[in-house]
Amino acid sequence: MRKVYLDNIAGSPLIAEVREAMLPFLWDNFGNPSSLHDWGDPPRIAVDDARSQVAQLIDADDEEEIIFTGSGTESNNFAVKGLALAHQEKGKHIVISAIEHFSVMNSAKTMEKLGFEVSLVPVDQYGSVDPEEVRRSIRDDTILVSIMHANSEVGTIEPIKEIAELVRERKVVFHTDAVATAGSMPISVKALGVDALSLAGNQFYGPQGAAALWVRKGVRIMPLIDGGIQEGGRRAGTENVAAIVGLGKAAEMATVNQAVRMKHLTPLRDRLLTELPRKIDHVVVTGHPQNRLPGNASFCVEFIEGESLLMLLNSQGVAVSSGSACTSRALKASHVLIAMGLSHEIAQGSVLFTLGLHTTLKDIDYVLEVMPPIAERLRQMSPLYAKYIQKAKGGK
Amino acid sequence: MRKVYLDNIAGSPLIAEVREAMLPFLWDNFGNPSSLHDWGDPPRIAVDDARSQVAQLIDADDEEEIIFTGSGTESNNFAVKGLALAHQEKGKHIVISAIEHFSVMNSAKTMEKLGFEVSLVPVDQYGSVDPEEVRRSIRDDTILVSIMHANSEVGTIEPIKEIAELVRERKVVFHTDAVATAGSMPISVKALGVDALSLAGNQFYGPQGAAALWVRKGVRIMPLIDGGIQEGGRRAGTENVAAIVGLGKAAEMATVNQAVRMKHLTPLRDRLLTELPRKIDHVVVTGHPQNRLPGNASFCVEFIEGESLLMLLNSQGVAVSSGSACTSRALKASHVLIAMGLSHEIAQGSVLFTLGLHTTLKDIDYVLEVMPPIAERLRQMSPLYAKYIQKAKGGK
Amino acid sequence: MPIYSEKVMEHFMNPRNVGEIENPDGLGEEGNPVCGDMMTFYIKVKDNHLEDIKFKTFGCGAAIAVSSMVSEMAIGKTIEEALKITPSSVAEKLEGLPKNKFHCSNLGAQALHKAIENYQSKQKKGGGKG
Amino acid sequence: MPIYSEKVMEHFMNPRNVGEIENPDGLGEEGNPVCGDMMTFYIKVKDNHLEDIKFKTFGCGAAIAVSSMVSEMAIGKTIEEALKITPSSVAEKLEGLPKNKFHCSNLGAQALHKAIENYQSKQKKGGGKG
Ligand SMILES: Cc1ncc(COP(=O)(O)O)c(C=O)c1O
Ligand SMILES: Cc1ncc(COP(=O)(O)O)c(C=O)c1O
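Quick mapping for you: the protein sequence lines, in order, are chains A, B, C and D. Heads up, the first sequence is in the numbering used here, so the first residue is 95 and it goes up one at a time. Heads up, the second sequence is in the numbering used here, so the first residue is 95 and it goes up one at a time. Heads up, the third sequence is in the numbering used here, so the first residue is 26 and it goes up one at a time. Heads up, the fourth sequence is in the numbering used here, so the first residue is 26 and it goes up one at a time.
One chain only, chain A, in its complex shape:
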């Protein structure tokens, strides 16, 4: 059976160059970058190099603005909690969007428990944040705004540059979660005009275990993880050298190959976005029709629940994910789909294809071939579909 992996958001294979770069630091170069003897030199040099590579990926002038962390989730926790705590003498109000990743959303909730106040900026039906809405939500005691660069569940890219301008006018610190975009499309922290930006290597063919938070020089932040003075005292703990090296290499490869990669992904994504609703009735595309991640095609298939769809696709060799309640371990439908105004019933039919470097046109065509009978089969079992049909008949 054909194997078609379209769940790159959940995990993706390392590219060969990243693997090669990491291997020496997993085996022979086991030293600690802090060590003053010879064993410390290769890891120290390698971590410095990786810092430059990551700085370059996001067009940061000063590589010391890059703080390595362990995951995108950690970067977001660090940003939200660390920036809020460092600026609390000015106020205790935080603004985020209603469709942030849980790592931002729940960090903000934790800050609420510590006496902060959080406002959620709504999104429209495409998952887009209106900069005006952000501006309106800023108060005199607002100290932090965090709006994601793109939402990975529905692919929508947010107008960060426009938002940043308005936030800067109010002299409020602005963080963006760019985990879904960094390495997948060109990013310049200078052009965006943000103060802090999260990115993670596992989203662009780097390994688990290394991510980064970029914080503009001069912007204060409180550490999330205290201890030794690694990362300039901003993030403690012995460096995960192999993973950092992998992140650096992945950043370098992305800087070079981004344009080619986008050219590869976009037509495949567009084919899926246009053809699937043609092959299956009652399928809605979720997210923005144009402003979306190059590898993201997301839908809701009406009258069907996502997990059973996912499992039947899996039985045909196709890996996808879903934002349905049953597929989430929290057993709640994606807050992103709900924030976009979809009903719970429709949100349950969520299916998300995240394409990658290895995705081919044949893969897409295979999905277009196997998925309609699966949808049909589930609809034949669905009491919601039965009701719909009955109504439609009754309506005639």
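None of these hints come from the bench; they were simulated from the model. A virtual CB, placed ideally from N, CA and C, is assigned to each residue, including glycine. Among these hints, one or two may not hold up.
[Claimed, not checked] What the simulated footprint calls covered on chain B by chain A, stretch by stretch (three residues with Cβ under 8 Å from a Cβ of chain A suffice, anywhere in the stretch; the number is not a length): (1) 117–127; (2) 155–167; (3) 333–347; (4) 421–434.
[As the list claims (entries may be wrong)] Derived DEER-like restraints, expressed as beta-carbon distance ranges: (5) B/K485 to A/G327: 37 to 45 Å; (6) C/E97 to B/K311: 34 to 42 Å; (7) C/M38 to B/K357: 50 to 58 Å; (8) B/D155 to A/D122: 36 to 44 Å; (9) B/E111 to A/D142: 26 to 34 Å; (10) B/K357 to D/M38: 36 to 44 Å.
Please build the complex by placing chains B, C and D with the ligands on the supplied structure of chain A, with the hints as guidance.
Leaving out everything else, chains B, C and D with the ligands in the frame of chain A:
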């Protein structure tokens, strides 16, 4: 030139079995343990297995009590901050020892900033904590005691079982940082009687990037890293599967081989501890003479500064570390040595040998051969030594 | 371990008794779209026995497997026997369900019981035919 | 990069002018054991020139290399020239010092200056010989 690596505390090579276990999860099995399709199965099974292996290493009954984290530092931050925040309705007083690792020490300092109060329990000249001192420091509003199982800089093993008994009597939560001991000597959380315990794979030939906090069932803890509901909602972020698998395998190997490893290390350590002070005048052993880590031999060489000693040893192929001010990036002599009552002058001469699986008798003898002339050379340059000699002469 | 047992997978891939019964003797609905699982059970009763059962289910793998298993367990049984089918006995027959799926997706027994109640209340009203 | 430049390493491994001068014309001490670096400079002055310099240093690689470099830079210079030697000019000659080492370990110039001051104050008192 002979290469003698005696800085295993800073980093150590992976053992072959760990490497083999990790490789498939770095390359082919790139799936996400949360994924419901076939790609999710191997990582999910592997993470479950690792959890059992780690539970077994520390004799924990329930593997769900194991929470994977990214580093020993993170485990300690999670323990101190998470346990304190979860129990603050009872009080805001925390007790730690004066020789805790910075990850515990500075987490406690952060809690001070958030309105908590911290008491430091002193240690004696050997770095031992007196359980009575701990008992005396507990107040009605004490909610957390954190005392390390062993100090990795001076090797001293603390009487955790005795301390735990006294703390339990007062119904206070007790955490121990066992990063230096877990995997290096037998540990049973049941026998120790603690409520939470930190451990890290990189201390027993596992990889960077995976560590754990064990928390007894029923003991509340607040997450340090919020987000998705990985690790039962207690530590968010996509799992670093390869590292977790490596930690699990390293735990399994340690469970099996601990006794043999200790038998290998102890005589080598003892040879260094007895012979070095014989070969070089004015050398003091730091830490406890008997209750110490099997691979730890630590000294202060009087009239000499640790970094220059370290660099000259390095020029002879020997890797060690030091607790001198110059070797620390914070430029402060080890707080551990100072807490043990050593003068700054003597603490500057700190040198730490941490032996490992690969250390041989020849390595030790090589150190005993090359180190005396190095010490002599540095003393000939030392104004402190000159003063000492002058005084000694004057005294005659 | 994989999240679902082999038995669950088998019933999910080949669910028994999917469909509707025209003019059923009893009909029971359970669940709602917020939690993501909805089931409708149709029963045909003869001589106090469940002569035929059909169901339609909108929901996850567990929900579909549970519905299928419930229908298989109940078919041919007396009303009294069928009312003894519980979520636990269904989960057991399925060789276990994931912990977090137990409550939400394991609504099959309730849906069947509702269908039976529906039959019984009609009986009371209409004098019955069973 | 490695933490120390090649030049620092070279001076650390082969420090020039280590030792003491009996009955020096000037003696200067700098540093303390808390920060971990201490230096003693001895000078011999002739015709207003630093005819000989020796030092003893307790400290890190940087401290030793700095002392060596300072002695090499100052030897043969006039008092006035020697007083122009600054921590920055020493660091420059050493092809750089790690940022965190700059202040603590770069005491060589001060120790030399103290030795010169010591010489000068003796001169004032004793009428001098230089
Ligand atoms: C937008 C966004 N932010 C943060 C994260 C968190 O990443 P991780 O789970 O790897 O920590 C993700 C993960 O997919 C994401 O898509
Ligand atoms: C006793 C102790 N606790 C915690 C740590 C922190 O470990 P890491 O730097 O790997 O996070 C160490 C590191 O050596 C340690 O020795």
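### Query
Using the C-beta atoms of B/E111 and A/D142, is the stated range 26 to 34 Å upheld?
holds, 32 Å
### Message
Tell me whether the statement that chain A covers the stretch 421–434 of chain B is true, taking a Cβ distance below 8 Å and needing three residues at minimum.
### Response
Contact hint for the stretch 421–434 of chain B vs chain A: holds, 3 residues under 8 Å.
### Task
Look at the Cβ atoms of B/D155 and A/D122 and judge whether their distance stays inside 36 to 44 Å.
holds, 39 Å
#### Entry: Whether chain A covers the stretch 117–127 of chain B (at least 3 residues having a Cβ closer than 8 Å to its Cβ atoms)
holds (count 6)
#### Entry: Beta-carbon spacing of B/K357 to D/M38 - inside the hinted bounds 36 to 44 Å or not
holds, 39 Å
#### Entry: Whether the CB-CB distance between C/E97 and B/K311 falls inside 34 to 42 Å
Cβ of C/E97 to Cβ of B/K311: about 38 Å, so the range 34 to 42 Å holds.
### Query
Given a hinted range of 50 to 58 Å, is it respected by the beta-carbon distance of C/M38 and B/K357?
holds, 55 Å
### Residues of the stretch 333–347 of chain B with Cβ under 8 Å from chain A, three needed, outcome
Coverage by chain A holds here, the residue count being 5 at a Cβ distance below 8 Å.
### Query
Does the Cβ-Cβ separation between B/K485 and A/G327 fall within 37 to 45 Å?
With a Cβ separation near 40 Å, B/K485 and A/G327 satisfy 37 to 45 Å, so the hint holds.
### Query
Does the stretch 155–167 of chain B contain three or more residues whose Cβ lies closer than 8 Å to a Cβ of chain A?
That given contact holds, which follows from 4 residues of the stretch 155–167 of chain B lying within Cβ reach (below 8 Å) of chain A.
Checked against the numbered hints given earlier, the structure satisfies every one of them.
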